[in-house]
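If you count the sequence shown from 1, you need to add 41 to reach the numbering used here.
Treat the hints loosely; a few may be bogus.
Said to hold, decoys possible - Here are the simulated distance ranges between beta carbons: (1) 145 <-> 118: 23 to 29 Å; (2) 141 <-> 166: 49 to 55 Å; (3) 176 <-> 127: 50 to 56 Å; (4) 176 <-> 213: 44 to 50 Å; (5) 118 <-> 226: 33 to 39 Å; (6) 203 <-> 110: 47 to 53 Å; (7) 179 <-> 122: 47 to 53 Å; (8) 82 <-> 118: 19 to 25 Å.
Stated by the list, open to error - Keeping only pairs whose Cα atoms sit at most 27 Å apart, straight-line, the calculated DSS-like set for lysine-lysine is: (9) 112 <-> 166; (10) 220 <-> 166; (11) 117 <-> 210; (12) 210 <-> 220; (13) 220 <-> 163; (14) 117 <-> 166; (15) 166 <-> 210; (16) 210 <-> 163; (17) 163 <-> 117; (18) 112 <-> 220.
Everything labelled a hint here was simulated from the structure, so no lab data went into it.
As the structure is a prediction and not an experimental result, all values here were calculated from the model.
Glycine included, each C-beta is placed from N, C-alpha and C at the ideal position.
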Amino acid sequence: MEPTPSDLNQPSPVPPAHPPDSAAGGASTATAPAAEETLESLRRELEELRERNLRLLAESRNLQQRAQRDKAQALKYAEADFARSLLLVLDDLERTLESIQAGADVPAISEGVRIVYEHFLKILKDRHIEPIEAAGRVFDPELHEALYQQPSEEHAAGIVLREAARGYKMHDRVIRTAKVVVSSG
Numbered sequence: 042m043e044p045t046p047s048d049l050n051q052p053s054p055v056p057p058a059h060p061p062d063s064a065a066g067g068a069s070t071a072t073a074p075a076a077e078e079t080l081e082s083l084r085r086e087l088e089e090l091r092e093r094n095l096r097l098l099a100e101s102r103n104l105q106q107r108a109q110r111d112k113a114q115a116l117k118y119a120e121a122d123f124a125r126s127l128l129l130v131l132d133d134l135e136r137t138l139e140s141i142q143a144g145a146d147v148p149a150i151s152e153g154v155r156i157v158y159e160h161f162l163k164i165l166k167d168r169h170i171e172p173i174e175a176a177g178r179v180f181d182p183e184l185h186e187a188l189y190q191q192p193s194e195e196h197a198a199g200i201v202l203r204e205a206a207r208g209y210k211m212h213d214r215v216i217r218t219a220k221v222v223v224s225s226g
């Protein structure tokens, strides 16, 4: 009997090329050991990465602790250079006192004190500590502390007449306001 067009659209029964226990079925069981090896390799790699991560975390913690110790040490001894500079001024003052006790004349003592004073100002300037100019300037509460007001015919109200104690800035920050007498006009 000849096939009809509708029969051509139907699948024909074809026996399987290989029985279920053939080499194709064995291939799936043969890939299982390879998959196991790959899985074991990935587990080892994961464990190595975990260990590496732990070592890096420990190293990071150690670096942070070392940085904190270094910062604490730097803060603790930050003023050492400044202190050494001040000790030089102290040496100068001690020599001045010795010359007074030895009976040096007033002009020599005055010159010694002036030299010590200039040396001290240089040390301050080297550390960016500068005096605040106050006398003759308009009173500024950011820079000046008014001790009292005093009438003045020469100066308008609010002008600093004189300093009782000089003020100082370090860089742009006021570290001590100038104590001043202000004109009331």
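For this session: Given the hint that residue 210 pairs with residue 220, test it: the Cα-Cα distance must not exceed 27 Å.
Result: Holds. Residue 210 to residue 220 sits at ~14 Å (cutoff 27 Å).
For this session: Starting from the range 50 to 56 Å, see whether the pair residue 176 and residue 127 falls in it by beta-carbon distance.
Result: violated (27 Å)
Problem set entry | Pair hint residue 166 and residue 210, alpha-carbon separation not exceeding 27 Å | holds (10 Å)
For this session: Below or equal to 27 Å on CA atoms is what counts here, so check residue 112 against residue 166.
Result: holds (26 Å)
Exercise. Quick one, are residue 117 and residue 210 close enough, alpha carbons at most 27 Å?
Worked result: Status holds; Cα separation ~23 Å.
Problem set entry | Whether the CB-CB distance between residue 176 and residue 213 falls inside 44 to 50 Å | Given range 44 to 50 Å: violated, Cβ gap about 21 Å.
Problem set entry | Verdict for residue 141, residue 166 (Cβ pair) under range 49 to 55 Å | The hinted range 49 to 55 Å is violated for residue 141 and residue 166, with Cβ atoms some 27 Å apart.
Exercise. Would the pair residue 112 and residue 220 pass a check requiring their Cα atoms to be no farther apart than 27 Å?
Worked result: violated (36 Å)
Exercise. Between residue 220 and residue 166, does the CA-CA distance stay at or below 27 Å?
Worked result: holds (21 Å)
Exercise. When you take the CB atoms of residue 82 and residue 118, is the distance between them in 19 to 25 Å?
Worked result: Taking Cβ atoms as reference, residue 82 and residue 118 lie about 54 Å apart, which means the hint is violated.
Exercise. For the pair supplied as a hint, residue 210 and residue 163, is the alpha-carbon distance within the 27 Å limit?
Worked result: holds (14 Å)
For this session: Using the Cβ atoms, figure out if residue 118 sits within 33 to 39 Å of residue 226.
Result: For residue 118 and residue 226 the Cβ distance comes to about 51 Å; the hint is violated.
Violated hints, listed in ascending order, are 1, 2, 3, 4, 5, 7, 8, 18; each of the other numbered hints is respected by the structure.
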